[in-house]
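In the order they appear, the protein sequences are chains A and B.
For the first sequence, numbering that gives the first Met the number 0 begins at 0 and goes up steadily by one.
For the second sequence, numbering that gives the first Met the number 0 begins at 0 and goes up steadily by one.
FYI, nobody ran anything at the bench for these hints, they're computed from the structure.
Bear in mind that the values here come from a model prediction, so they are computed numbers and not experimental data.
We put the beta carbon where it would ideally sit given N, CA and C, even for glycine.
Warning: the hint list may mix true and false statements.
Here chain A is said to cover these stretches of chain B; the calculated rule only asks that three of the stretch's residues, wherever they fall, bring their Cβ under 8 angstroms from a Cβ of chain A [stated by the list, open to error]: (1) 85–96; (2) 185–194; (3) 243–249.
To be clear about the criterion: a stretch of chain A counts as covered by chain B if any three or more of its residues have a C-beta under 8 angstroms from a C-beta of chain B, and this derived list gives those stretches [as the list claims (entries may be wrong)]: (4) 0–14; (5) 58–71.
Beta-carbon label-pair distances, calculated as ranges [as the list claims (entries may be wrong)]: (6) Asp39/B to Glu59/A: 40 to 50 angstroms; (7) Leu19/B to Arg76/A: 42 to 52 angstroms; (8) Ile214/B to Glu59/A: 19 to 29 angstroms.
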Amino acid sequence: MSTEELLALIRTGIADVTGRPAPALDIDTGIEALGLDSLQTLELVSWAEERLAIRVPDEELATVRSIGDLTGALSARLPGEPR
Amino acid sequence: MSDKAEVAVSYDVDNEFFRLWLDRRMNYTCAVFDDTDDLDAAQVAKLDVLYRYGHVRPDSRVLDIGCGWGANLEYLAVDRGVREAHGITLSEAQHAEIVRRNLPGVTASCVDYRDYVPPVRFDTIMSICMIEHVCTPQQARAGEAVARYRDYFRRAWEWSRPGAHFALQCILRNRAPRLAADIREIGWVTYQIFPGGITPRMEDIVQAVNPYWEIVEVRTRREDYRRTCEHWRSRLRGHADEIRRRWGDHLLADYDRYLTACIRAFEMHYQSLAQWSLRRIDEI
Ligand SMILES: C[S@@+](CC[C@H](N)C(=O)[O-])C[C@H]1O[C@@H](n2cnc3c(N)ncnc32)[C@H](O)[C@@H]1O
Chain A
0 MSTEELLALI
10 RTGIADVTGR
20 PAPALDIDTG
30 IEALGLDSLQ
40 TLELVSWAEE
50 RLAIRVPDEE
60 LATVRSIGDL
70 TGALSARLPG
80 EPR
Chain B
0 MSDKAEVAVS
10 YDVDNEFFRL
20 WLDRRMNYTC
30 AVFDDTDDLD
40 AAQVAKLDVL
50 YRYGHVRPDS
60 RVLDIGCGWG
70 ANLEYLAVDR
80 GVREAHGITL
90 SEAQHAEIVR
100 RNLPGVTASC
110 VDYRDYVPPV
120 RFDTIMSICM
130 IEHVCTPQQA
140 RAGEAVARYR
150 DYFRRAWEWS
160 RPGAHFALQC
170 ILRNRAPRLA
180 ADIREIGWVT
190 YQIFPGGITP
200 RMEDIVQAVN
210 PYWEIVEVRT
220 RREDYRRTCE
230 HWRSRLRGHA
240 DEIRRRWGDH
250 LLADYDRYLT
260 ACIRAFEMHY
270 QSLAQWSLRR
280 IDEI
């Protein structure tokens, strides 16, 4: 899965979690700048994990601050992807 | 950190409300059910553990940071004959209750721990489920948790004498919930019942005690906290009529919801509890 595809998936997830259309984003976008609090971030990660059938370790979740952190944490767990 | 107004949301509801469903001395933290199923006895057992972890002796000077309604201060003064015990709380209602108890050798201040200036250096520091108020969810998210906790441990170090011990108890944020309903309930408790606070992760504490305190013993008690919350909830429900009459349906419903969320959180490993015996590192 390319970074672009992951970003598109995350945008869908943000819209799902917040109930608002997601703004444009790239890997440098801060999670907080998107108006997500820590619980919504957790909901977003769980949402993405479910779609991708993967699980990010909890201690890594605690340090997710940007969209890039999130795509990094997710893609590192996708099978057959270079890290 | 929770400010004074946020602390008031958590603890200034009404002392008579909390008195109805906490144990006799009003411990508002996890009890220890090793040898009993009685809440009063289990709260004493908890304080026994922390007394041992803090290496307290009758002639010790003890500081209790975040002392609640004074359960531990009363235990120290009455059950253990400790000479001097001082408590600090940020809640006016709790402070008034401690003054009302008029315990021998016990003093208390209503002050933010960051503004506290100790008159003496203490032999033992105790702090039972107060560190949950030291870092906000926003600060944790910004990666500032360890620095916040380290500042708290540094102060405790400065307020204590060489050779001192620190008996610490805290809730732990453990596994992250993945179920949307659970995330929502935990969020509701975090923001509505304990605004301004978040439970620490164990690895944050392990990092933050350095370079001030050596971890000598740690014991987790996830199931004890589930049982404590079950006791609280059944006592709350046992007084449902009176609570409705005196404080309204809303308060009863909120506290039932909150305790139910906590029971689930301990069951599901979202939260755990740790008791720590720390020894002061004198040469830093
Ligand atoms: C969960 S209660 C625990 C009370 C008590 N240790 C017990 O076991 O029942 C947390 C305590 O921390 C206190 N606290 C929270 N923030 C504080 C602050 N900034 N300075 C001093 N005390 C604070 C509250 O006032 C309250 O007494």
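Verification of the hints:
1. A count of 0 residues in the stretch 85–96 of chain B with a Cβ less than 8 angstroms from any Cβ of chain A is obtained; the coverage claim is therefore unmet, three being the minimum.
2. Coverage of the stretch 185–194 of chain B by chain A holds in this model, with 3 residues showing a Cβ closer than 8 angstroms to a Cβ of that chain against a need of three.
3. Given a C-beta distance limit of less than 8 angstroms, the hint that chain A covers the stretch 243–249 of chain B is violated, as 0 residues qualify and 3 are needed.
4. Against chain B, the stretch 0–14 of chain A contributes 0 residues with a C-beta closer than 8 angstroms to a partner C-beta. That does not satisfy the three-residue criterion, and the hint is violated.
5. Requiring three or more residues with a Cβ within less than 8 angstroms of a Cβ of chain B, the coverage given for the stretch 58–71 of chain A holds, as 5 such residues are present.
6. About 42 angstroms separates the C-beta atoms of Asp39/B and Glu59/A, a value consistent with the hinted range of 40 to 50 angstroms.
7. Leu19/B and Arg76/A have their C-beta atoms about 49 angstroms apart, which keeps the hinted 42 to 52 angstroms range intact.
8. At roughly 24 angstroms, the beta-carbon separation of Ile214/B and Glu59/A lies within the given 19 to 29 angstroms, and the hint holds.
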